[in-house]
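Participant: Here is how the chains run, residue by residue.
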Amino acid sequence: MHVRVAPRAHSRVLRAALILTCAASAAWMAGCRSDPSDQITAEWMLDPSPPVAGGALVARVALRDNAQRPVVGGKLHLEGQMSHPGMTPVLSDLIERGNGNYEAHLKLTMAGDWVLVLTGEIPGGARITKQIELPGVRTAG
Amino acid sequence: MDVLRLPLLGSFLRWRHSRQALQLVLLIVASAVVVHGLFGPQLAPRNLATVLTSIHWRGLLIVSVLAAGNLFCTGCPMILVRDAGRRLYHPALRWPRRLRGKWLGIALMVLVLFAYELFDLWSLPRATAWLVIGYFGLALVVDVVFSGATFCKHLCPIGQFNFTASTMAPTELRVVDVATCRSCRTADCIKGRFVDRGPESRPGDRRLVERGLQPARTLVQRGCELGLFLPVKVGNIDCTMCLDCVHACPRDNIALATRVPGAELLETRRRSGIGRLAQRTDIAALALVFTFASLVSAFAMTTPGYAVEQHLAEMIGVHSEAPVLLVLFAFGLLVAPLVLLGSAGLITRGLAGGVPFTARELIVRYAFAMIPFGFGVWLAHYGFHLLTGILTVVPVLQSAVIDAFGHAMLGEPAWRWVGMQPGSVFPIQLGLVVLGAAGSFGLVHATSLRDHPSAPARASMPWLAIVAILTTTALWILAQPMEMRAVGFFG
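The listed protein sequences correspond, in order, to chains A and B. Per this note's numbering, the very first residue in the first sequence carries number 1; after that it's consecutive. Per this note's numbering, the very first residue in the second sequence carries number 142; after that it's consecutive.
None of the hints are false.
Each pair of labels, with its calculated beta carbon distance range:
no., chain 1, residue 1, chain 2, residue 2, range
1, A, R127, B, W617, 43 to 51 Å
2, A, Q39, B, L147, 56 to 64 Å
3, B, R241, A, K107, 53 to 61 Å
4, B, S461, A, H105, 35 to 43 Å
5, A, W44, B, R241, 54 to 62 Å
6, B, R157, A, H105, 55 to 63 Å
7, B, V480, A, G136, 29 to 37 Å
8, A, A140, B, L532, 24 to 32 Å
Hint data in this document are derived by calculation from the structure and do not stem from the laboratory. Computed from a prediction, not measured in an experiment: that's the story for all the values here. Heads up, the beta-carbon is just placed ideally off N, CA and C, and yes, glycines get one too.
Given only the sequences and the hints, what does the whole structure look like? Please build it.
Facilitator: Here you go:
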């Protein structure tokens with residue numbers, strides 16, 4: 001016995017899925033620009049090193065452009081994120097100490113793997129993102 | 142109560158395209174997961190792939206089972222893609238008889254859990270995206286080659302998890318009036334509903350039918366692709382709540398009925414598409430993997446968990462995590478259940494006297510009583526991540542928009558938006574584990590009353606002890622400090 005499936009909404013759904021994929025790709029391509037972060041280098045210094053969970057952490061970062069000139073006047077923030085999504089981040093503003101040096105005070109709340117993410121704007125309006133991985137942060141003792 | 146008769150909700154579910162509507166929503170979400178996972182920032186807390194899967198999808202999946210039923214199988218977007226694929230290539234083969242059952246699904250479920258721990262998939266957006274793509278691809282390939290819902294019934298790791306969890310759901314698709322089914326001659330609920338091309342067809346169509354160039358009947362609504370014949374269907378195992386049976390039944394004789402969660406695990410009737418539960422060693426094994434994996438999964442995220450891995454590595458003399466995890470999984474999912482339940486089976490035969498079952502048969506019968514406890518632990522674990530991280534999707538979306546368009550069209554990312562404090566969630570977790578344990582205590586007792594009416598108290602003692610041991614273990618695990626490791630443990 002021959003059986004033919006009656007027309008359904010599948011072709012409409014397939015069209016919707018294809019349109020969605022094209023839109024997502026277009027959005028991604030629109031976002032594909034050169035990243036100003038690539039022009040900036042960050043040198044990190046942590047105190048204490050290695051950092052300890054539950055204790056105060058001072059994060060210092062020196063920003064230089066590709067001509068090794070200090071990047072001054074940035075409005076920058078520091079986030080401490082864990083490797084597992086959904087964990088409460090620790091947030092702090094970076095205070096400029098002059099000559100492209102910035103400093104933030106944090107407290108890593110839990111043992112595990114952390115990533116410090118620097119975000120913000122530098123003079124000229126460009127947004128930058130820099131990060132440093134802090135694997136295996138342990139509690140004191 | 143019949144949920145299908147409720148205003149609004151019932152009308153929506155009875156709409157022929159309700160499932161497709163849900164599937165389309167989840168397809169959009171899956172697309173966002175894949176695109177952001179592949180092309181977005183590769184830091185897990187800032188990527189939709191890892192945030193939506195580890196926090197929202199896992200948490201909402203288990204919560205929705207408790208609240209309503211197997212909703213995530215109802216809205217599975219892989220079926221939408223598979224259906225589209227079948228428009229191009231209709232499957233001609235049936236899944237081989239010797240591969241039917243749950244063993245392959247169990248193996249895949251364990252493999253996914255193992256890979257999740259080994260590769261720390263929660264921290265890898267791109268790998269998560271590829272896992273999602275792989276899932277879709279596998280479902281598509283299997284179901285355009287084999288007929289029915291082969292991937293759902295025999296293979297899908299998520300499906301096997303959902304089927305087991307949905308034994309605790311408060312709803313079930315079942316017939317309203319069995320007498321109505323007795324007078325039914327077409328069995329649309331399983332065969333599908335067809336429309337004949339009768340005299341009212343166009344003359345051109347009738348000539349094409351007579352010449353064999355056009356089908357004589359048209360399928361307007363498929364029936365249950367998982368082989369569940371509604372008059373004999375018992376419980377939620379293998380039911381994806383696709384609602385095909387509801388739409389196919391010409392007598393409107395199927396209800397989404399409320400019920401007592403877990404009660405189906407005591408049913409001894411022969412189940413359509415499954416047989417008798419007490420004779421299904423594979424489903425019993427699935428129940429035990431479901432239960433014990435809840436503990437292994439939670440333990441792996443704790444400081445003692447990492448300490449155990451380190452000790453094991455030193456004992457074995459390895460520098461790679463894979464053999465250590467293999468040992469842990471083998472102990473947690475194989476050795477511990479066999480030792481505990483095997484001992485209980487032997488003790489029951491000794492204590493209860495005249496038990497007509499072998500130790501193996503006892504293990505199978507009592508394995509299902511462990512499901513409520515396992516469900517409680519999964520709910521405590523996934524619920525923790527959901528409650529503590531439910532709002533993180535907001536800043537991640539805001540950040541994704543900035544990445545895509547260069548402007549904060551949804552505002553600056555509010556990274557302080559996370560969720561409840563872990564300390565506030567802890568009492569909820571304890572309560573969920575205790576409730577799950579209470580459910581298992583009740584099922585053990587009811588199983589003993591059913592199977593050992595002459596000595597139920599003595600027969601149940603070893604199994605109650607197992608539930609008590611597992612509950613103590615779960616509460617201890619929940620009290621341990623969490624440690625979120627992502628980079629290779631061995632450096």
